[in-house]
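Just so you know, the sequences run in chain order Y and S.
Take the first sequence: its letter number 460 is residue 458 in the numbering used here, and every next letter is one higher.
Plus 737 on top of the position in the second sequence (first one is 1) and you've got the numbering used here.
Treat the hints with caution; some may be incorrect.
To be verified - Calculated from the model, a selection of chain S residues having no Cβ within reach of chain Y, i.e. all distances over 12 angstroms: (1) Thr869; (2) Ile917; (3) Arg947; (4) Ala995; (5) Asn1175; (6) Phe1358; (7) Lys1360; (8) Pro1475; (9) Thr1480; (10) Gly1482; (11) Ile1594; (12) Thr1598; (13) Phe1690.
Claimed, not checked - No farther apart than 20 angstroms at their CA atoms in a straight line, the calculated lysine to aspartate or glutamate pairs in the EDC-like style are these: (14) S:Lys1360 to Y:Asp261; (15) S:Lys1572 to Y:Glu173; (16) Y:Lys166 to S:Asp1001; (17) Y:Lys459 to S:Glu1379; (18) Y:Lys459 to S:Asp1001; (19) S:Lys1328 to Y:Asp465; (20) Y:Lys459 to S:Glu1528; (21) Y:Lys437 to S:Asp1001; (22) Y:Lys459 to S:Asp1155; (23) S:Lys1360 to Y:Glu15; (24) S:Lys1360 to Y:Glu431; (25) S:Lys1255 to Y:Glu390; (26) S:Lys1007 to Y:Asp261; (27) S:Lys1343 to S:Glu1379; (28) Y:Lys315 to S:Asp1155.
Hint data in this document are derived by calculation from the structure and do not stem from the laboratory.
Even for Gly, the Cβ is constructed at its ideal location relative to N, Cα and C.
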Amino acid sequence: CDKEYLDTAPSSSVPNEMVFGTTEGATVALNGIYRSLWTSMDNHGNYGQKSYDLTMDMMGNDVITPVRGYGWFVAEYNHSAYATATTTSRSGVAWRYYYRTINNANLIIANVDNATGTQARKDYVKGNALFLRAHSYFYLINMFQHTYKGHENAPGVPLYTEPTTEGKGRGTVQEVYNQIIADLDAAEALLEGKTKDLVSHINQKTVKGLQARVALQMENWERARMKANEARQGYSLMNATTYKAGFGVANSEWMWGLQIPNDQSTIYASFFSHMSNTAGGYAGLGSKKLITRELYEKMSATDVRKEIVQAPVADNKGTQPNYTSLKFRLPGAGSWAADYVLMRASEMYLIEAEALARLGRAPEAVALLETLVRSRDAAYVAPAISGQALIEEILIQRRIELWGEGFSILDLKRLNRPVKRITGTAANGEHVEALILVKERSITDPQILFRIPQDEINNNKALSASDQNP
Amino acid sequence: QSRTVTGKVTGAGDNSPLPGVSVVVKGTSTGTATNADGSFSVNVPADAKALVFRYIGYVTKEAAIGSNSNINVVLDLDNKQLAEVLIQVPYGTVTKTAFTGAESTISTKAIERQQVTSVTRVLEGLVPGIQTTNGGGAPGSNASVRVRGIGSINSSSEPLYVVDGVPFSGTLQSISTDDIASVTVLKDAAAAALYGSRAANGVIMITTKRGKTGKPSVAVNLRRGVSDRAIPEYERVNEQEYYELMWEAMRNAKLGGAPTAGKDIAGANKFASDNIAGGNGLVYNPYNVPGNQVIDATTGRLNPNARLLYSDSWADELFQQSNRTDVNMNVSGGAEKSDYYLSVGYIKEEGVAKFSGYDRVNARASINTQVTNWLKSGINIAGNMSENQGNYATGTATSNPFYYSRYMGPIYPVWQRDGEGKFVTDPTTGDRALDWGNASQMGARPYAPNSNLLGSLALDERSIRRSEATVNTFAEVKFLEDFTFKTTFGGNYYNGFGTTFQNSLYGDAQNVSGRSTKSDTRTTSYTFNQVLTWNKQFGNHSLRALAGHENYEYESRNVSATKTGFAFPGTNELAAAATITDGTSGFSDHKIESYFSQLNYSLSDKYLASASFRRDGTSRFYKDSRWGNFYSIGAGWRISEEDFLSADWIDELKLRGSYGEQGNEATDSYYQWQGLYSLGWNNGNAPGAIVSSLPALDLIWESNANFNVGADFRFFNKVEGTVEYFQRISSNLLFAVPTPYSTGGLEMWQNIGTMSNNGWELQLGYNAINTSDFDWRMDLNLTSYKNKIKEMPNGDPIINGTKRLAEGKDIYAFWLREYYGVDPNNGDALYRTDKTLYNPASSAYQIIGQDTVTNNINNATYAYRGSAIPDLIGGFSNSFRYKGFDLAVLMTFQVGGKFYDGNYAGLMHRGTYGTHFSKDILNRWTPENTNTDVPRLQQGIASQDGASTRWLFDASYLNVKNINLGYTLPNTLTSRIGVNNMRAFVSVDNAKIFTKNEGMDPQRSFTGTSDFSYPVMRTFTLGLNGNF
């Protein structure tokens, strides 16, 4: 037989050399990462970034689920999910998800400069990859350790800036944040003047937005203010109609989102399955997601955000229980095609306002806050105009505006406020005690922390049992 | 002057007619051969004294003619003629006595006794050296086989299946067991080396039937059976117990632990009584009292006035006693220069789970002919079509009826009930409405809401329709007297058309109006070889040399598409649906090229030697490292042929030994050497890919060094057997070395590590009684092996689930935390502590006697806790014949080994709403029952439960695998209706399986872990075989 008889090539994968031969190939690798941001892993409770966003909310105070239903996110709700260190537990999947993103980003960062293509294109691809790496480390460090401030020297998470198979130790929180900042600064420079290919990609504004989010977490108010301000330029706030449209189609306010066509949707294992109370997913089947009465009552009657909550009625026999949120809805019947929101300008308004208030620039903060909230509630007037009261009002508006978008536990962490849930009945917009188990827990209780998967400790020589979170 | 003498020749033992027996008039060359029904007719001269009957494997017999015109003869089996027994080996056959390798052969008779669809299910317990799983009970499924231990860690440990000399890539259940003449297991290097490239894990050679010279013969086999579960369900609690237990779990959760003095027990009791039947409790209340009165808050017991309104059994509705029909007919025969075998068969096998089944139509034709005196040619074609229904999702998917019915709490009904427990009428069907566990019916059932398998399985479809064909053809040319050139082409075609349909009316796909996936997989494979053989006899020397070349090519293509949006029920074809949600296709191929040679030598039939060499290249490895060299040497000494050993009672005694190296290349990917990005990770319309494998340019063949010594013996013409010792050392193990998840978690394929399997096998046969009326034969085989990992990558252990691979340990050694028992003070689960984590200040730890224990499983220490590999496996069979009756009983067993029963662990939860409980939970810790090893109930308790020795049990079992009782009608009776031989039988397969715990199925896997799959079936069969 001739020599080539034994040379075969696969049809559903391509050799590494081909991927990084050209910038077009590297773009394919970049798009693969974006797809992995919503692809389901292992089970219906894991569907990329939005499943960890929902985890953040379920761990906090403002989202209620009234019944066990299929049981998804119940263990997150009662704080038992991430106490398990198996590979398929919440902490195990989160760890694998973010590090998969990091590894793929590292491969691009290490190889794209040698690909054939224009410098501008290399910068674009590399800038996106650096952003994705920073984004992943930001979530990892906040899941596996307490907040930055006061824990700078606590153990961090293994930090990799190039592809490798050798494991590393935890390092410190500070080191992780240093890398996040460095990556975002580099991405910011690389993406200067670049237009994004697809809705799902990011641009320089998105980088600035994440810089603002990180600075807020680090309590670097001046940087948070500056970056949030720069980030929101060019984006217009949603009006009442678009606010009520279901958060399933990207609009003028979205700075970053994932555009998911029907054939790439993950159906039951999707954000809308768990969050859309009107679709035939898990939420629609019984695991409804409710807003607390406490928060509901903080909205005025003219607030569009209140309109998309099922108003309480006595002995509600309708399809939507009291306080059911209709914020997230599938755009089309009979289809799971829907976009996922990951960053929008409202968050930037809120970051900037909070930073201004903390910097003592109350009038500017009030003006910004009122601009934002009036686009939801034309009659809104800030009830406080200075000091802690103003900060508290901004935080309340933040909880209302970003409800269900994944900020609950991140905010409790940086604010050093406990998980504290008002219990009673779901019909009254209160948490059900039989379901939450944890009524109150200090935010620095080690039980808040995710567990490093046991397999990581087993296979990473730089880690041992004593590196596990307590 | 001559006259005609007629008669019939039958074989002792089963009295079956013997075709092709040579019948010669003594002292002459005049003679004939018997027909297929054993009859003969011969002209004898007037002076003839006797007829001589000769037949291979039987004692030659003389019968005086006298004045008889009809002579019926019974020939006795000649055990001394063992030399004539031919066994199947690579690229030919060889006489058993001249063979230096280790093999075991299963005859068609042993296969016929068992009523199974796949031949893989027959092997267990019949030959030494193999270990099998029971393969579960799904209709049309296969068992897995391991030959002489576990050969590889990450590469395949499956043996190579060879059908009629050609490596087989089709599905094993497609081969009709009625068409199988023998199954030969090749175990050592000398036996298997010629299949070197893929024979590292042993070879199972299946030989199909061929026609025999003589009058055409027709055989008909009719079998009809019924099946039920051979492994019973776990014993579980009843409704009242369930309600009380769940109440207790809820009450303890409210207390945040065990009920102790000083806690508000009354308050917690009331909370539990108020909430247990509510939306965050059990939701359903099957009693005739209000939900908050079902459990008495003072006693924690069922309200004495409460009466059950309904009690449905999911198992009764989802499972059935199933029918099995198996019919086969074949015609065979042959003339002087040609032979043929034609067969057709039909099997219909229902599953014990409703809506599951397998049916198959198969046909085979084998035709061989001696074209000229130098050319021989033949073809063997087999084809079949089958349909496999009910390929239920396995594991924890809701659509798995075994998982679903086992864990569904006993209080949840199949049919919807009203407040008085009466059936509700479904407005659309007019029948009793099913309960789907929805809020719109009786409430959101906490276990698998929005589902009702009785309803959805009837409307869904999960099926594969297969069509397969195998063609095997050869041409053999003899030239220059001693040379033979043979070329064989064997091809296999497989097509599997899969349907997965979720209905539009209820359940998972209701909101998208149904979802259907159609997939089509088409696989072709062929082996093409050319072999030149030289056979030479000179004096006492006998020499056989062969050289050959072989190509193997495998190609698989598939396409699948998914659509949703079915406007009308009743179809699952994609044309009827609106929205495409998935569509893909793929291709993969695999090639091996080989060169091989072999030399066999024997001196005076006493001293035997063999050697072989093979060189293989595979497409799986990089071009610079893809070729591997394999070899074997073997020697034998037939001591019984020596003059100094002329004892009468020694019929045969042979010592033999072999050593050799074989290869293994069966890694996960056909493109293992390449560093790859996996395509299909598209982002909208932009193509996307993520990294999926690391490059492995240095990867080479895993090698398996096989050492074997054995002795074959037969004494007193009564006892025969084989005893063997073997050692297999697998080196350059193809190892998927795990990398930390934090570096991406991809596997790094390397040739690292060494593992050994040492063991012995014994096969003993004893013909205890052998008279013309009564025959009793016993066969015993035993196997024991020890597996040991000798070298690991960098010497580092690798933890994988419940196992930990480490040097000095075996591949299936359990690595678990040790369950210590229950804290009698509060019912906490206790585990032995990891000493490095011990903190005297923490309440998580306590010291009991010499032991430091913890109530937090995360602080518990891991250690080795035994292995899934048994100490001893074997089979014992007894076969009796009394006149026309015959009875055979096969028992298989395993002694030792451990089994990790995760199924049982799932029934011993702390109070998961809706999930069923094992009966053993009744022994949980309570303030009154403190001396127990079952912890207290408490919902949401964290860090107390997980994998530990608590779920590890002795895996020993005994299976009465087959009982077959038959009656052969007297020939005098049947011959009147033109039937030569007619046998009726009753048979029971998997009659009774004895295990340590009820419900546990230790023969489920080699690794000793459970799954939620289809349990093995017990089958009662009535059958009839007739030969015309």
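Structure-based check of each hint:
The claim that Thr869 of chain S lies off the interface holds: its Cβ sits roughly 30 angstroms from the closest Cβ of chain Y, which is beyond the 12 angstroms cut-off. With a minimum CB-CB distance of about 33 angstroms to chain Y, Ile917 of chain S clears the 12 angstroms threshold, and the non-interface call stands. With a least beta-carbon separation of about 32 angstroms from chain Y, Arg947 of chain S lies farther than 12 angstroms from that chain, consistent with its non-interface assignment. Every CB of chain Y is more than 12 angstroms from the CB of Ala995 of chain S (nearest about 16 angstroms), matching its label as outside the interface.
For Asn1175 of chain S, the non-interface assignment is contradicted: its Cβ lies about 8 angstroms from the closest Cβ of chain Y, within the 12 angstroms cut-off. Taking the minimum C-beta to C-beta distance to chain Y, about 9 angstroms, the non-interface status of Phe1358 of chain S is violated against the 12 angstroms cut. Against the 12 angstroms criterion, Lys1360 of chain S falls within the reach of chain Y, whose nearest CB is about 7 angstroms from its own CB. With 12 angstroms as the threshold on Cβ separation, the claim that Pro1475 of chain S sits away from chain Y is violated: the shortest Cβ distance comes to roughly 5 angstroms.
Some Cβ of chain Y comes within 12 angstroms of the Cβ of Thr1480 of chain S; the nearest lies about 5 angstroms off, and the non-interface call is violated. Interface exclusion of Gly1482 of chain S from chain Y breaks down, the closest Cβ pair being 6 angstroms apart, not more than 12 angstroms. A cut-off of 12 angstroms between C-beta atoms contradicts the statement that Ile1594 of chain S is not in contact with chain Y; the least separation is 9 angstroms. For Thr1598 of chain S, the condition that its CB be more than 12 angstroms from all CB atoms of chain Y is violated, with the nearest at approximately 9 angstroms.
Look at Phe1690 of chain S: its CB is around 22 angstroms from the nearest CB on chain Y, clear of 12 angstroms, so calling it non-interface holds up. For the proposed pair Lys1360 of chain S and Asp261 of chain Y, the alpha carbon gap of about 39 angstroms is over 20 angstroms, so the pair is violated. Annotation: proposed proximity of Lys1572 of chain S to Glu173 of chain Y is violated, straight-line Cα distance about 31 angstroms (limit 20 angstroms). Restraint check: the Cα-Cα separation between Lys166 of chain Y and Asp1001 of chain S comes to about 49 angstroms, which exceeds 20 angstroms; the hinted pair is violated.
The suggested pairing of Lys459 of chain Y with Glu1379 of chain S is violated, with an alpha-carbon distance near 63 angstroms, which exceeds 20 angstroms. Restraint check for Lys459 of chain Y and Asp1001 of chain S: the C-alpha separation of about 48 angstroms exceeds 20 angstroms, so the hint is violated. Restraint check: the Cα-Cα separation between Lys1328 of chain S and Asp465 of chain Y comes to about 47 angstroms, which exceeds 20 angstroms; the hinted pair is violated. Under the criterion of a C-alpha separation no larger than 20 angstroms, the hint pairing Lys459 of chain Y with Glu1528 of chain S is consistent with the structure, at around 18 angstroms.
In summary, the hint linking Lys437 of chain Y to Asp1001 of chain S is supported, as the alpha carbons are separated by about 17 angstroms, within the 20 angstroms threshold. For the suggested pair Lys459 of chain Y and Asp1155 of chain S, the alpha carbons sit about 61 angstroms apart, so the restraint of at most 20 angstroms is broken. For the hint pairing Lys1360 of chain S with Glu15 of chain Y, the CA-to-CA distance comes to about 17 angstroms; that is within 20 angstroms, so the pair holds. Taking the CA atoms of Lys1360 of chain S and Glu431 of chain Y, the gap is near 64 angstroms; set against the 20 angstroms cutoff, the hint is violated.
For the hint pairing Lys1255 of chain S with Glu390 of chain Y, the CA-to-CA distance comes to about 56 angstroms; that exceeds 20 angstroms, so the pair is violated. Under the criterion of a C-alpha separation no larger than 20 angstroms, the hint pairing Lys1007 of chain S with Asp261 of chain Y is inconsistent with the structure, at around 51 angstroms. This hinted pair checks out: Lys1343 of chain S and Glu1379 of chain S have alpha carbons roughly 7 angstroms apart, not beyond 20 angstroms. Restraint check for Lys315 of chain Y and Asp1155 of chain S: satisfied, since their Cα atoms lie roughly 18 angstroms apart, inside the 20 angstroms limit.
The structure shown violates the earlier hints numbered 5, 6, 7, 8, 9, 10, 11, 12, 14, 15, 16, 17, 18, 19, 22, 24, 25, 26.
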